[in-house]
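Colleague: What follows is the residue order along each chain.
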Amino acid sequence: MLQTLLPILIFAALALGAVGAFRRIRLWRQGQRTPMVWRRLVLMPKRYLNDLHHVVARDKAIAHTHVATAGGYVAAMALALVVHGFGWRNPMLGGLLLAASLVMFIGTIAVNLRRVNPPPKLSKGPWQRLSKSLIAYSVSMFLISLPLVGVAPTALGGGVLAIVLAAVLVWGLLEMVVGMGWGGPMKHAFAGSFHLAFHRRPERFDDNHADVGHDVHRGSRSTALFPLDLTAKTLGVEKPADFQWEQLLGFDACVQCGRCQNVCPAYAAGQPLNPKKLIQDMIVGMAGGSDARYAGSGYPGIDVGKHHGGPSEPIVPQLVEAQTLWACTTCRACVEECPMMIEHVDAIVDMRRFITLEKGETPEKGAAALDNLIATDNPGGLDNASRLDWAADLEMPRIKDRPEGVDVLLWLGDGAFDMRNQRTLRSLVKILRAGGVDFAVLGDEERDSGDVARRLGDEATFQRLAERNIATLARYRFARIVTADPHSFHVLGREYSAFGGDYRVLHHSTFIAELFDGGRINVAAPTQPETVTYHDPCYLGRYNGEFAAPRQVLAALGLEVAEMERSGYRSRCCGGGGGAALSDVPGRARIPDMRMEDVRTTGATTVAVACPQCTAMLEGVVEPRPRIRDLAEMVADALVATAPAAPASSSTREEEPA
Amino acid sequence: MPQPDAKGPSSQIEVKAVALVSSGRHPVSGRPGRAREDARAVEMGLMLAGADLSLVHAGDPEDALLRECLEGYLGMFHGLDDSRDGTLSLLPMGAEEDAVPLLAAWLERTGATITLTGQRAECGEGSGMVGYLLAEQLGWAIATGVAAIERCDAQSVTVLQALPQGQRRRLEIQLPCVIAVDSVAEAPRQSAFGPARRGRIETVDDLLPAGEACLDVANVDWQWQPARARPKRLKVVKSTNARDRFKAAAAKSSASGGQVLTDLSPEEAAEKLIDYLRAEKIIADSGQSSAPDT
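Protein chains in written order, with the working numbering: chain A, 1 to 658; chain B, 1001 to 1294.
So here's chain A without its partners, still in its complex pose (with noise of 0.2 Å):
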């Protein structure tokens, strides 16, 4: 009986999740189109394989346990439909499918334990049932399979058994084929493959780089925002369909898996912003609906269940509300952890984007900068010529005055308006004056570079700001840019390629280690060992990779540095950035007294910082608290005057200004 039933189930499960899975894309393809490259298709395995599987073990348990799973399943699965569809009953095909079925289940059990006591990060509902429909699935297959290498009776064939068998394959087919394609929490895998294929950065997976390998985590790579047209119709996104479809696939990909939610500064610090259910609000804004059967943790202050969204439908207020995406320090940890590689800080911005450019709607103190942007060039509305005011006494070399270019220009930053980071680019100019660094700076023809404007969404004034300092920029010749702002960092690297200005920038953690390689500051050892900590900055580090150059030059100064559990690639943010210092969203904890508690708890005194907002962000921690201090400042304080500066500085006029 089963022999003529297991064909017509396999094959039925099939053509249901076929069914599905098509009306599945034309959710997707609700978004806006770009032309479809197919042959992407074919480099879904080698992403899923490498990339994707390097995110995910970094939990070696799960990573295991889904190898097994889903190696499992997929071998299961293809060799059910040859064996029980086609009917090619071979012995050693036979055994094949047991020996995948006793691995899916092997991972199965794994999956069951986690699922006993699940950590708050994972969803329930759908999600705890498939753990059970995975046992359903591998079990029944391996019972089913057993007569085909004699083990079992063929008897199995008929009576009671082999109806509840068939039933118990019916709910894991149901769960693993059908479910597939209707919705279900294994379309993570159908979606997942598609996203990966058609992913709208594809330089973050491997087969785009010729280096393989160069830097490990994965996620640098590709961190600018996508520029906006100016003359679309709407501008950014309003409702779902808003969305390219690609960011839709990505969305439909979300596992739950909670990583996001663990890693979300914003979330720790009780403000209404969960990663995970951001993106299940995306799902069910684009398939139509309520949250109500959302079955993971919430927005922190904000009830689950009251919230629904159709595709063409706002996505404000009535599916998420503005706060929640005001709450987003566009730090990337989500980014960085996600495993199914999606894109949260680009939907946030995208949306922010429709919210300052339509409605006018940008919190108050962030319209305030905005305006302040648009008439004066800096977000404080200060006389962009006092730009220079802190260095009145150091005679700052301006690039105007040498037009036979210089090799540095040092940018300064909106810093420059800001007293604590006046000390910071003072010892700035001192380590380049050490170094017989050959710079100068714009003074007050630099204007903003664009960055707290683009992350408040107005596209309009950072395309402004950054076709302006692009104008600027390309009247002088310099080999390289440094600066003390990671902000300015990543929008003159990074983002001002799109507008057509393409320049090397280095921060200056970067340039003052390659000061340091090259023998051309020295420094004097510490007067008292002191335990040191250094906070990576979202924008250096996660956004372009830098880890290694600031702890280079802290063990140039002969410090001990006591790393935080937070470090690197997984550093939390200081709570500064994408302008969510302006726009100030309430919450139970503040983001940089949670950083602070990680600085303490590596008994550090002093943190060492690299970047203007982390600087301000965690002095405004009450004191008693470890001493916050630049990698410039520390430099510079144990500087000893016998660098040969004269001869330094001839030969750095001989390299090739650009």
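FYI, nobody ran anything at the bench for these hints, they're computed from the structure. Please note: incorrect hints may appear among the correct ones.
Simulated restraints on C-beta separations [stated by the list, open to error]:
#1 Gly-1128(B) with Arg-468(A): 32 to 38 Å
#2 Thr-231(A) with Arg-1031(B): 20 to 26 Å
#3 Gly-1128(B) with Leu-230(A): 33 to 39 Å
Reference listing, derived: stretches of chain B covered by chain A, where coverage requires no fewer than 3 residues with Cβ under 8 Å from a Cβ of chain A [what the hints assert, rightly or not]:
#4 1024-1034
#5 1044-1051
#6 1190-1199
Source: prediction; values computed, not measured. Each residue gets a CB set at the ideal place from its N, CA and C atoms; glycine is no exception.
With chain A's structure known, arrange chain B on it following the hints.
Modeller: Below, chain B alone, put in the same frame as chain A:
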């Protein structure tokens, strides 16, 4: 037709609201943009009439920066009940022409009943006289220093006038009228790029008979110099009472002193005024020389 309107200004009413907008100049950078007080007038107009609010500007259409400047007002047409884009009527005039006859003709043609404006522009002839001159020419009432519109119907409008130290005076004004908005009125909403880009600027150039140049005769022999903030008079308050010190610190200088003169003949009144202006060194002591004081 009078309508009971207890709800407030947001409900639809039969008034034709117009906001006069000028080109602003940022106090720090000098860049053109929306003038801050006029933006408050537009905000008040949007809350009163929604997207029905008309904007009008008299200026030089050849000015390359004008569109950018006026977009600052058009970008405020969002968050309203209907999604219509803003429209602005541009009354073209040369630099040496007078805006008042143009504006008056336009207001009469469009049947405006409430004309909102800022109290003071940020550049050009920014004295705030336009409102008075228009009201004089059209025979309308004018209320200045208005902080809020409380109620409005087809015949009259109730406004709150801002007085020093946070005091308010309720005024009932017959329509049509000119309302000059104070800087304590509701802050203007953000100007958004999308609505600003979609907003329309319509040039209206057939207001006055052709050839009738309305040259501004008054400003021909004016002297121009950059505005300076007038020094604030320090008043030392000897009080151990924090409330008194706070009141003194918060007081507007115009609120203190002064005297009320009644039953004077026009000549006596003028004499008193001239004496006062001399005492304040606003006009030179000897009426002969027009040289600036040193």
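Colleague: Confirm or reject each hint.
Modeller: Do the hints match the structure? See the list:
1. Gly-1128(B) with Arg-468(A): 32 to 38 Å: Because 34 Å falls inside the window, the suggested range holds.
2. Thr-231(A) with Arg-1031(B): 20 to 26 Å: 24 Å, holds
3. Gly-1128(B) with Leu-230(A): 33 to 39 Å: 36 Å Cβ-Cβ, so the 33 to 39 Å window holds.
4. 1024-1034: holds (count 5)
5. 1044-1051: violated (count 0)
6. 1190-1199: holds (count 7)
Hint compliance for this structure: hint 5 alone is broken.
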